[in-house]
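J.: One letter stands for each residue in the lines below.
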Amino acid sequence: MIKLFWRDVTLAVRSGGGFGLALIFFLIVVVLVPFAIGSDQIMLSKVAPGVLWLGALLACLLSLDRVFGLDFEDGTLDLLATSPIPLEGVYLAKVAAHWLTTGLPLTLAAPIYGLLFNLDFEVRQLLFLSLLFGTPALSLIGSFGSSLVLGVKRGGLLLSLLVLPLYIPTLIFGAQVARSAAIGQNFEVPLVLISIVSLITLAILPFAAAAALRINLR
Amino acid sequence: MLHGMSFSVSHGEALLIRGENGIGKTSLLRCISGLQAPKSGSIELSQTLAYAAHVDGIKGSLSVMENLQFWSHIYGGSNPKPALETYNLSDFAQRPAGNLSAGQKRRLGLARLLVSGAKLWVLDEPTVSLDAKNVLLFLRVLRDHLDGGGAAVLSSHIDLNIKMKAIDLINFKALKSDGNFEFMELLE
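Going line by line, the protein sequences match chains A and B. Under the numbering used here, think of the first position of the first sequence as 1, with each following residue one higher. Under the numbering used here, think of the first position of the second sequence as 1, with each following residue one higher.
Just so you know, these hints were derived from the structure itself, not from any lab. Every residue gets a Cβ at the ideal spot worked out from N, C-alpha and C, and that includes glycine. Take the hints with a grain of salt, since some may be wrong.
[As the list claims (entries may be wrong)] Label-pair restraints from in silico Cβ distances:
1) B:ASP147 x A:PRO84: 21 to 27 Å
2) A:LEU21 x B:SER8: 50 to 56 Å
3) A:ILE204 x B:ASN171: 45 to 51 Å
4) B:GLN47 x A:GLY151: 40 to 46 Å
[Claimed, not checked] Straight-line alpha carbon distances no greater than 27 Å define the calculated DSSO-like cross-link-like pairs of lysine-lysine that follow:
5) B:LYS81 x B:LYS119
6) B:LYS133 x B:LYS119
7) B:LYS165 x B:LYS119
8) B:LYS163 x B:LYS133
9) B:LYS119 x A:LYS3
10) A:LYS3 x B:LYS81
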């Protein structure tokens, strides 16, 4: 499993489509926001935490169809399914690799991008924390979606339609954490809630994804 | 598609699955490897198996050696070097696997079987895109595998010059196409 994880990380880094693309997409979204809603400093710093969360979430979507799609196309998934590793383990290794190459870079980038909105250190700190606890759920849910749309031609769009509604709880609590500092509310409760979302998905989705993979490999 | 099949393969034996296109050779092999479930009947395996199909699961951006090392770790960590030498791939070990020709890729896919250490090989058209010389090489490796107590179930369109049991799927074709896919498989 650890080998599978490192292989996926290596593949993501070598093919370049992994974190580089997501980070640049995230940056572009963030840069576009002031053009869309004007350069009012106060308003921007109010919406910034939510915008940064939304940008990270959308950037996370970009690489999702590759999680299982590439291995499905070149037959690796068949071979992994007949190997001694359980499919639940394959899923977890792939989620971990996706998080390391997408979720973690987005988490590290968000506080820096926050500077563009003139956010306080405290808000950027909470943004970092909320993404750190929330992005695992994004990778878990997204990879599950990727296992569902295997074999569907142009599954990318379908994948977004499936996954985005499932991202709603993560987004609500995540953005709430980042916003709470700005509006002087307690941030612990949403932070606990977002961790709960991550943990529940971690507990349930490996089995759901493995079942979806088994059906799609048939 | 197929019904009323029953066969067994034991150590040192190979079984050739024959039949026209679309009769269900691949489905049968996928059932044996557990990728599909038969409609009825059961498959009993007592050994780990390694499956090889039309696509070899090779990652183009990894080197030949890295591809094989990955599979060797998945199956428990045997040394991939002898497998590369067996299939004359040592010279390409550090090359990106994406640059290999179709025949070389197939050899790399077959080398994966050696590093897997699995006793049972389930092979779907293993000789596709191999030239005559490499078909002989594959047969030699297969014979060594059988002599070493291994077993194999394979489908092939060309005659394989090796002693093995054969079944023709035409004898098990369901008269009505009711999707009743039934067979028994026993490996001891």
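J.: Please go over all the hints and tell whether each is borne out by the structure.
T.: Each hint, compared with the structure:
no.	hint	in the structure
1	B:ASP147 x A:PRO84: 21 to 27 Å	holds (25 Å)
2	A:LEU21 x B:SER8: 50 to 56 Å	holds (52 Å)
3	A:ILE204 x B:ASN171: 45 to 51 Å	holds (46 Å)
4	B:GLN47 x A:GLY151: 40 to 46 Å	violated (30 Å)
5	B:LYS81 x B:LYS119	holds (19 Å)
6	B:LYS133 x B:LYS119	holds (25 Å)
7	B:LYS165 x B:LYS119	holds (17 Å)
8	B:LYS163 x B:LYS133	holds (19 Å)
9	B:LYS119 x A:LYS3	holds (23 Å)
10	A:LYS3 x B:LYS81	holds (18 Å)
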